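Student: Single-letter residue listing:
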Amino acid sequence: MLTVADLHVKYGNIEALHGISLSVEEGEIVALLGANGAGKSTTLMSIMRLAPPEGPVVTKGAISYNGADLLPIPAHNVIAKHGIGLVPEGRHIFGNLTVFENLKLATFARNDKERIGQDYERVFSLFPRLADRRTQRGDLLSGGEQQMLAIGRAFMSGVKFILLDEPSMGLSPLLMLELFRVLKSINESGTTIMVVEQNARLALQYANRAYVLEAGKIVLEGKAEDLATNPEIRRAYLG
Amino acid sequence: MFLETFLQNLLNALQWGSFYALIALGYTMVYGVLLLINFAHGDIFMVGAYVAFFIATLLLGQYSSPFLPPVLVFAITVVATMVITSGVGVAIERIAYRPLRRKGASRLYVVITALMCGLILENGNLALLGASRRNFPEMLSKTAYNIGGVNFTNVKLLVILTTIAVFILLETIVRKTRLGMAMRAISYDRMAVPLMGIPVDTVIVFTFILGSSMAALAGVLFATAYPVLEPYMGALVGWKAFIAAVLGGIGEIRGAFAGGFLLGFIEIFVAALFPSTLRDLIAFSILLVFLSIKPTGIFGVSRATKI
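Chains W and P, in that order, are what the protein sequence lines are.
First residue of the first sequence: 1, per my numbering; consecutive thereafter.
First residue of the second sequence: 1, per my numbering; consecutive thereafter.
Simulated from the structure, these hints should not be mistaken for laboratory data.
Keep in mind that a hint or two might mislead.
To be verified - Below, a list of computed lysine-lysine pairs in the DSS-like style, where the Cα atoms sit at most 27 Å apart:
#, chain 1, residue 1, chain 2, residue 2
1, P, 176, W, 81
2, P, 176, W, 113
3, W, 60, W, 81
Unchecked claim - Chain W is nowhere near these chain P residues, computed Cβ spacing over 10 Å in every case:
#, residue
4, 98
5, 100
6, 107
7, 124
8, 132
9, 138
10, 170
11, 171
12, 188
Everything numeric in this text was worked out from a predicted model, so none of it was measured.
Glycine included, each C-beta is placed from N, C-alpha and C at the ideal position.
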């Protein structure tokens with residue numbers, strides 16, 4: 001479904017990815033692991049086609065999704081026309097809008113009123129906390145609630161494929177587990193997921209496959225259960 | 001007697017503040033969306049007044065028709081002026097601001113560009129139409145009323161009521177529609193807006209359309225109330241409207257109205273109590289003190305983002 005081939009990107013004059021290749025098949029959960037600064041977020045930003053200054057500039061390589069070349073597509077159409085969504089690192093909730101307005105805004109490009117109604121119900125049943133707080137401003141939510149809202153927003157944008165950047169950051173161990181359970185349930189109802197995660201143990205537990213990035217290159221890839229027992233991974237990421 | 005004078009001044013202040021409020025809107029909305037102080041905006045007000053001048057002159061002269069009573073001419077002039085002037089505002093955004101934004105230029109350069117755009121509009125007008133003042137044609141015959149010793153005209157009422165209607169309309173757009181929500185969202189977190197599937201440029205163009213059309217509306221109303229036009233008419237009014245926007249809390253629509261009316265009140269009441277040459281000196285001294293006490297303006301809040 002998603003194919004990234006020999007991708008080189010740079011921020012300003014600094015090359016951040018030195019030719020990475022990866023693929024994601026429909027229905028999968030794929031984890032992207034690696035240390036800080038390895039290029040995980042950069043990979044997601046590149047796929048989303050976010051413009052500079054947030055996004056990098058692609059200098060070489062290709063990104064294609066269901067046969068379409070994503071490189072010339074602006075970010076808003078990657079979401080609206082191609083159906084890939086991103087839950088960004090740090091959540092980026094609109095703090096001056098209410099919970100419901102945050103969700104409604106994500107339906108900006110959609111016209112399928114009925115499906116939108118069903119999706120609201122789905123989000124509120126996955127995250128009952130959001131239903132309780134629907135008229136509250138986004139900046140008054142706790143970190144965990146903001147993460148739920150960020151995922152709910154991606155869901156409301158009607159995408160088939162969600163990229164998540166460090167979703168468990170700042171969450172308690174209990175909330176982390178809850179979060180991955182929700183991701184699994186979203187996945188089982190037909191959404192493909194690619195997740196960047198610091199907590200490699202948790203990610204490998206839920207993912208089908210994983211890639212390990214190091215200094216802008218992919219150094220390891222494979223099935224999640226194989227990687228979880230790989231001695232190199234165990235030493236570097238599983239402690 | 002005292003009450004009458006007070007009510008009279010109140011009414012004048014409401015009208016005077018209406019012009020500031022309508023122009024301040026454009027400053028505040030563009031700032032909210034782009035964090036750009038669009039210094040060309042005062043001159044958009046001037047462009048609006050001139051566009052209205054030409055449309056009204058044509059409709060009353062060359063293209064006059066018995067089927068076009070003056071009230072209809074006025075209505076057509078208002079609508080056409082708002083449309084054409086929005087075009088000018090959007091064109092400035094396209095030609096001057098967007099290329100800089102694409103290149104990631106620092107905001108300082110964009111503000112300087114805005115100042116230059118304003119000067120180009122003023123001097124373009126001067127080059128094209130000359131320095132002579134123009135008399136704005138009278139479309140609405142002025143009727144004066146007197147109720148309990150307070151004098152007012154139909155134009156004054158029109159200005160005030162229109163401004164209140166605009167306030168309600170804009171608040172509704174910004175609170176209820178998805179484009180309005182997108183405007184608020186951009187002002188909080190620009191990076192996340194495209195991630196909602198929203199084309200940021202569309203929201204920016206929409207903002208310029210709203211701001212410029214309100215400045216155009218102010219231009220028509222101002223020219224109807226004070227029918228003398230000159231190329232620099234937007235400069236001082238624009239500066240003052242910008243001050244009104246800051247006073248109300250820049251980025252806030254209700255702030256633009258509150259600031260506009262507050263500035264109108266201060267100016268009118270200072271002029272009522274002191275010699276009129278001291279008006280701006282005293283008025284702006286008061287505002288200086290106000291801002292030093294509350295630098296964020298009436299409705300502005302200093303922002304704290306959660307990580």
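Student: A separate judgement is required for each hint: does it hold in the structure or not?
Tutor: The hints, checked one at a time:
A threshold of 27 Å between alpha carbons decides the hint, and for residue 176 of chain P with residue 81 of chain W the separation of about 25 Å falls inside it, so the pair holds. In summary, the hint linking residue 176 of chain P to residue 113 of chain W is supported, as the alpha carbons are separated by about 17 Å, within the 27 Å threshold. Pair hint residue 60 of chain W plus residue 81 of chain W holds up; C-alpha atoms about 24 Å apart against a cutoff of 27 Å. With a cut of 10 Å on Cβ distances, residue 98 of chain P stays outside the contact zone with chain W, its closest approach being about 13 Å.
Non-interface call for residue 100 of chain P relative to chain W: holds, since the shortest CB-CB distance, roughly 14 Å, exceeds 10 Å. Non-interface call for residue 107 of chain P relative to chain W: holds, since the shortest CB-CB distance, roughly 13 Å, exceeds 10 Å. For residue 124 of chain P, the condition that its CB be more than 10 Å from all CB atoms of chain W holds, with the nearest at approximately 32 Å. Listed as outside the interface, residue 132 of chain P is consistent with that label: its C-beta sits roughly 47 Å from the nearest C-beta of chain W, beyond the 10 Å cut-off.
Distance check on residue 138 of chain P: its Cβ is at least 45 Å (rounded) from any Cβ of chain W, clearing the 10 Å threshold; non-interface status holds. With a cut of 10 Å on Cβ distances, residue 170 of chain P stays outside the contact zone with chain W, its closest approach being about 17 Å. Every beta carbon of chain W lies more than 10 Å from that of residue 171 of chain P, the smallest distance being close to 15 Å; the non-interface claim holds. Distance check on residue 188 of chain P: its Cβ comes as close as 5 Å (rounded) to a Cβ of chain W, failing to clear the 10 Å threshold; non-interface status is violated.
Of the numbered hints stated above, the single one contradicted by the structure is hint 12.
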